[in-house]
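These protein sequence lines map, in sequence, to chains A and B.
Note that my numbering has the first sequence beginning at 1, numbered continuously upward.
Note that my numbering has the second sequence beginning at 1001, numbered continuously upward.
Since the hints were made in silico from the structure, they are not lab data.
For clarity, every value in this text was computed on a predicted model and none was experimentally measured.
Check each hint, because a few of them may be wrong.
[To be verified] Only pairs whose alpha carbons sit at most 30 Å apart, straight line, appear in this in silico DSS-like list of lysine-lysine: (1) 238(A) with 1317(B); (2) 43(A) with 1138(B); (3) 203(A) with 1280(B); (4) 1132(B) with 260(A); (5) 1267(B) with 317(A); (6) 316(A) with 1298(B); (7) 183(A) with 1212(B); (8) 1142(B) with 43(A); (9) 297(A) with 1175(B); (10) 183(A) with 1138(B); (11) 1285(B) with 183(A); (12) 203(A) with 1294(B); (13) 1212(B) with 317(A); (14) 1294(B) with 292(A); (15) 1285(B) with 317(A); (16) 292(A) with 266(A).
[To be verified] Calculated Cβ distances over 12 Å to all of chain A for the following chain B residues: (17) 1072; (18) 1199; (19) 1211; (20) 1239; (21) 1287; (22) 1303; (23) 1318.
Heads up, the beta-carbon is just placed ideally off N, CA and C, and yes, glycines get one too.
If you want the building blocks of each chain, they are given just below.
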Amino acid sequence: MFQFTYNYCDHIEYLHLLAASLGVPVKDNMIWLPRDLGTGYIKVEELANGLQVLFNECILHQPFLFHRNKSDGNGYTLRFDEVRNLKALSVKIGDIILEDNTAIYSGAFLSNSFSELQYVVNAETEGRNINIYFTNEWLDQYAGLKNEGEFLKTALTVPGSVIHFEVLTLAYRELMEQIFELKTEHPLYLAVLQNRVMLLLEKFLRNFYIRLTDETSGYGMSENDVKRMVQIEAILVKDMGVAPPPVSELARIAMMSETKLKNTFKRIYQYGLYEYYQKNRMMKARQMLNSKKHSVKEVGMHLGFKNLSNFTIAFKKEFNILPSQF
Amino acid sequence: MIVLSINHKDYRLLLQDLATITGLSYNGGDFIKITAPTGSGTIKMLQLFNELNVLLVDAVFNEALIYKRPQSDNRYYVLHFEDLYISGTTQSMIDDELLLKTNTHHALVRLTSNIFSFSEELPPGLHIQSIKILFDEKWMMKYLGLSSDTSVLQKYLSLKTESFDIEPLDAGYRKLIQEIWSIPQNDPLQNIYLQNRITMLIERFFTRLHEKADLVGGIFNLTQDEMQRLMQVEQSLVNDFSEAPPTIEEFSKMVSMSSTKLKKSFKEMYGNSIYSYYQKLRMQKARELLLSGKYSLKQTAEAVGYINTANFITAFKKQYHVLPAKLLVV
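Bound conformation, chain A alone:
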């Protein structure tokens, strides 16, 4: 198992500490994982408005223990994760320990420098994530969280507070996708990146604020139900080339009736089960076509369409444009 312990700091410093511990060089604020640990990269970009964003895409070859000590600073990390093949997850935040043996985790959460954070993930975990780092000063200066916003800021600063967890809805996934799709050669690379990062942050803070102020909102269901829905969502987006299990099967996994499953899922993710699968599938299609590496036929086949014209129709329905025109 690879273990890494450090004191909370900004992303650039973190990247250098991690690189030193792994024995790999940092080039242009980017590192490649050594073979024995995993395959993939970690990269940091400093945005013109003072935010730091760290993103990585990797597959682990051995378990990884991440341990972050609290520090005197006043930093925040907003993290968005898309994870696959995670078998068990144990997270410790301050004194709270969360263990989950059925963990299939995709979500967003905010942590701060006032609490310790530790987690262990198993080998073969595959994922990508986006971490946004900001400070109290940044909230004052750039986010302008004064007056009405002061209250929001106070809520963010509570030490050791429970993680502000959000499920990864389609709107988040779309923004993440746009960030990972963005090429450094884009003439407005940093501006586009900054705008997407800011939209992620806005969306998260907006939801966080709504939940703080409106008692009746939130997901209006038990934590356990939310967790099960995250699990179901992960099954739906696991492999776009294979039709998702039937609702009866999903209901069995979620240990609830089909009706309850359908309603609960829709409440959190805003779309019906199949609709949600289909939307993600089309997003994947767009991404593949965008990469210019695949023909329309290849994309259709990869996404499990036996009949190409069905793919064309589905794509047109989603984006109002034919895949061939894309």
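Starting from the known structure of chain A, arrange chain B on it as the hints suggest.
Same frame as chain A, now just chain B:
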């Protein structure tokens, strides 16, 4: 006649100048109310934390308005988003080039700079709806990685008045502008919200400028006159949704262009075919009406030209993937 002569970057000073000239009351704050006899409406300024100066104008002046910026070496840029129904004539002058626009709908995005002197004369009674974003070279380098030497930008600015009609205010811009105008008061996230919409407007303009780099180089096969005519088509399309728009044949007659050329050029300029563009904006309008909370589903459907509410619901769902009734609850 109101004459505003500006050689600074401070919109607060501009509001002050306007108050001094017209005798309107102004307390040094973020906005000025235009009242009789000067006119009506408001002008609001925003200073965003990433050093952008923004002016939001929704006003009518009872006198002609002249706006002048001299050429200066302390370089800065203004990105204008304008939606004007011109009755009478507006005059714009960039350096030594004069552009007149008479009785037309002007819905455009354009970038000006004080590399050249600039002046504009607007006739009395004109309803001015615009957003102006001012930034300097330093900002442009820092946030967009563009300098005044960037060739795309140089080409664009050197077109002077010819650059005016290159970028139409299309559905994508309109959506962001609508969101900026409809910001709720006391929103604790107001700054982030506005900042994000404003920077998205800027991103869109510059992204499209890059995409159209060929056009700026002169390879584009539409003349300025043809672009004007296409804007006329766009204007009739979005004018009134309660009635069916003219047919392609009627449009084709109206702007004296073959229907094939019309369809092709419209798509080139606005990125959508005529009908899908119309439909997009129509649904956008419906969404706006529903969110205002003042209209029922049926009223909204009628306002955007649906006699059959069920058809409206289907069309709305198709675009927004949500039933229109859901927006009513909010």
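For the pair we were handed, residue 1285(B) and residue 317(A), check the Cα-Cα distance against 30 Å. With Cα atoms ~21 Å apart, residue 1285(B) and residue 317(A) stay inside 30 Å; holds.
So is residue 1303(B) really clear of chain A, every C-beta pair being over 12 Å apart? Label holds. Min Cβ-Cβ 23 Å, cutoff 12 Å.
Residue 1072(B): least C-beta distance to chain A exceeds 12 Å? Residue 1072(B) is indeed farther than 12 Å from all Cβ atoms of chain A, at 25 Å.
Within 30 Å, alpha carbon to alpha carbon, are residue 1285(B) and residue 183(A)? Between residue 1285(B) and residue 183(A) the Cα gap is close to 34 Å, so the pair fails against 30 Å, i.e. violated.
Would you check the hint for residue 316(A) and residue 1298(B), treating anything up to 30 Å between C-alpha atoms as holding? holds (28 Å)
Holds or violated: residue 43(A) with residue 1138(B), Cα cutoff 30 Å? holds (26 Å)
Residue 1239(B) non-interfacial with respect to chain A [C-beta, more than 12 Å]: Non-interface label stands for residue 1239(B): nearest chain A Cβ at 23 Å, farther than 12 Å.
So if I understand the rule, the pair passes when the alpha-carbon distance is 30 Å or less; does residue 183(A) with residue 1138(B) pass? This hinted pair holds, its Cα atoms lying about 24 Å apart.
Quickly compare the C-alpha distance for residue 1142(B) and residue 43(A) to 30 Å and report which way the hint goes. holds (20 Å)
Interface-negative label, residue 1199(B) against chain A, beta-carbon threshold 12 Å: violated (5 Å)
Against chain A, does residue 1287(B) keep a CB gap of more than 12 Å to every residue? holds (16 Å)
Below or equal to 30 Å on CA atoms is what counts here, so check residue 292(A) against residue 266(A). Not OK: residue 292(A) and residue 266(A) at ~34 Å, beyond 30 Å, violated.
Going through the hint list in order, the structure does not satisfy hints 4, 9, 11, 14, 16, 18, 19 and 23.
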